[in-house]
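> Residues per chain, in single letters:
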Amino acid sequence: MNLPPSRVRIRTDQPAAPPSSPNGAGSVALPDAVTTSAEAHWDVPAEVVFDSRDVSVFYGAKQALAGVNLGIRRGQITALIGPSGCGKTTFLRSLNRMNDSVPSFRIEGEILYHGHDIYGGNVDQVEVRRRIGMVFQKPNPFPKSIYDNIAWAPRNLGMRSGLSDRVEKALRGAALWDEVKDRLKDSALGLSGGQQQRLCIARAIAIEPDVLLLDEPASALDPIATGAIEDLMHSLKGRFTIVIVTHNMQQAARVADRTAFFSLETGGEKPVGSLIEFDDTERIFSSPRDPRTRDYVTGRFG
Amino acid sequence: MSGSSDPAGFGGKPQAYDPAAPLTPTGNLRRRQIFSKVTEYMATIAALGAIAVLVIVVFAVVRHGADAISWDFITKGAPEGVAPALVGSAIIVAIATMIATPLGVLVALYLNQYAGRRAAGFVSLTMDVMNGLPAIIIGIFIFTFMVKKQGTLAIGQAGWIGGVALSIIMVPLIARGTQGVLRLIPKSQSEAADALGVARWRTVLSVILPSALGGILTVTILSIARAAGETAPLLLLTSNGDISRVVLNPLEALASGPVRIYTLSEEANPEGFTEAWGLSLLFISFILFASMGARALLARSKRKTSS
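Protein sequences, first through last, are from chains A and B. Numbered continuously in this note's numbering, the first sequence closes out at residue 1529. Numbered continuously in this note's numbering, the second sequence closes out at residue 296.
Be careful, since some hints might not be right.
As the list claims (entries may be wrong) - Partial pick of chain A residues on the chain B-facing surface, computed with a CB cut under 8 Å:
1. V1353
2. G1360
3. M1361
4. F1363
5. N1367
6. F1369
7. A1380
8. N1383
Unchecked claim - Pairs of lysine-lysine residues, derived as DSS-like cross-links and limited to a Cα-Cα distance of at most 25 Å, are as follows:
9. K176(B) - K1365(A)
10. K176(B) - K1289(A)
11. K1396(A) - K1408(A)
12. K1464(A) - K1396(A)
13. K1371(A) - K176(B)
14. K1396(A) - K1365(A)
15. K1412(A) - K1371(A)
16. K1396(A) - K1371(A)
17. K1412(A) - K1396(A)
Claimed, not checked - Far from chain A, some chain B residues (derived; all Cβ distances over 12 Å):
18. Y6
19. E29
20. Y30
21. L43
22. A49
23. R52
24. G66
25. L224
26. E256
27. S280
28. M281
None of these hints come from the bench; they were simulated from the model. The beta carbon of each residue, even a glycine, is placed where N, CA and C say it ideally should be.
From just these sequences and the hints, can you work out the full model?
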């Protein structure tokens, strides 16, 4: 249960980026960003929660993701953006082993979580997901009451004491308490889409995970509900490490501290999802180093 | 491919009809319409025929059996009534249900949650084959295995053995039916549960099964309705039960509805015929009401899970 919070310094010995990419395409370059970025605060050794080392993902014979090197820092919001099919959701779902249920899924490389290999031999996927929660694109509340939706996981994980306090805290944390406090016994299916999604976030934070993975959490919601989710992310940041996949570039710009741009690389015969650039969000959107990132964020493709 | 002058590629032929003509049928449309009507009528007649069979059977049973129905008929043993057969059938079917429901639901959970594609295909096929197995074969198998004096277990006739045989008929029905119900539960639900770091069996118990409960109940009732009418295995396994008094002990041979109907209609006794009709009426009403109730229940639980 209790992993020692290993403070991992950001690696400066970057595993060499493919030398064939002088434009910085392969330089996924955490260290670059750290050492050369003008923002001085990155010089403070930040704690890395996820350290992805040369991660490639295959579905059967098809390669979905190639050579991703990426460090995700504690307490920050990291956004993964890019065109459809670029592997960003695949990467996200690899972080808590949600892809394990895909029969032909195979992963190469290493994803270190606080220094432990997520795909290591003695790692239990249920324990992984207990610490790394996930919220999906489409709100998926259980067909139970609002209260039972939140209380379900704590009950099953043996966190029974102070359950109603925990439920209230989770609902307050997800900025939903005031809207539902008088109808906790009502079915969660009666909530609006935006409320359901906040309920799903509340359900995820009720078990106090370390990390929250959000897979396009607002893509099925209207702008007002989306705004509520984004405000919520700001309030959860710090307490949780958040990784969000989004199609919406403005959303990434609004919420994320750091942004990773994925795209389809057509170097080989078949296009393969790759990480093109990873940097402070501001930099990705104002002065990206890679021309492909610039084309994407300025709306020239995707 | 002459290009720009003939973009649609019909080779520059004149149009097959005059677009300005009145919109009455042209060409072979008249013939196609007649054919379409004939097909429609034949399909409708076939459907009506199927309903007619049920209506005629029910009508015949009601007409011949209604006279037999009385309070004594339902509450007393032979010669006035058929209470032992009713109680016996209830006990036998209850035993079958107790065996078959957990097994069938577990098989469905295996198919839905745990099996790989090939294993699932194989088990599904097995269930379908079992479903098609003639009841008499199940009866003979259990008879040789458990009842016959020179057989493996040589227990002799008993109500619970009839229950075992009926459970073999019920398991594939419950398994396949429950599998269908489980399939209706959105995958996003088990995904949501997985993402919360809760072990799969807890998810099954507290998310998946509750969602499927209405459907499982329906499927079970339908399979009970089917098993309650099975005669062949019971003739071999529990046919010499006491028909004059109600027996509750399933270790003894029990009278049962189908067997009683069979023996009554074999007798050369017109009153026996009326009794057989009366018992048939009781059974057919039970099956009709159980099936209709089950369908209504299923419709309700579908509405509940899919909104």
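> Take the hints in turn and mark each one as holding or not.
To see whether the hints hold, each was checked on the structure:
no.: 1; hint: V1353; in the structure: holds (5 Å)
no.: 2; hint: G1360; in the structure: holds (6 Å)
no.: 3; hint: M1361; in the structure: holds (4 Å)
no.: 4; hint: F1363; in the structure: holds (7 Å)
no.: 5; hint: N1367; in the structure: holds (4 Å)
no.: 6; hint: F1369; in the structure: holds (6 Å)
no.: 7; hint: A1380; in the structure: holds (4 Å)
no.: 8; hint: N1383; in the structure: holds (5 Å)
no.: 9; hint: K176(B) - K1365(A); in the structure: holds (12 Å)
no.: 10; hint: K176(B) - K1289(A); in the structure: holds (24 Å)
no.: 11; hint: K1396(A) - K1408(A); in the structure: holds (11 Å)
no.: 12; hint: K1464(A) - K1396(A); in the structure: holds (16 Å)
no.: 13; hint: K1371(A) - K176(B); in the structure: holds (16 Å)
no.: 14; hint: K1396(A) - K1365(A); in the structure: holds (23 Å)
no.: 15; hint: K1412(A) - K1371(A); in the structure: holds (9 Å)
no.: 16; hint: K1396(A) - K1371(A); in the structure: holds (19 Å)
no.: 17; hint: K1412(A) - K1396(A); in the structure: holds (17 Å)
no.: 18; hint: Y6; in the structure: holds (45 Å)
no.: 19; hint: E29; in the structure: holds (40 Å)
no.: 20; hint: Y30; in the structure: holds (44 Å)
no.: 21; hint: L43; in the structure: holds (36 Å)
no.: 22; hint: A49; in the structure: holds (45 Å)
no.: 23; hint: R52; in the structure: holds (47 Å)
no.: 24; hint: G66; in the structure: holds (48 Å)
no.: 25; hint: L224; in the structure: holds (45 Å)
no.: 26; hint: E256; in the structure: holds (55 Å)
no.: 27; hint: S280; in the structure: holds (26 Å)
no.: 28; hint: M281; in the structure: holds (25 Å)
The structure agrees with every numbered hint stated previously.
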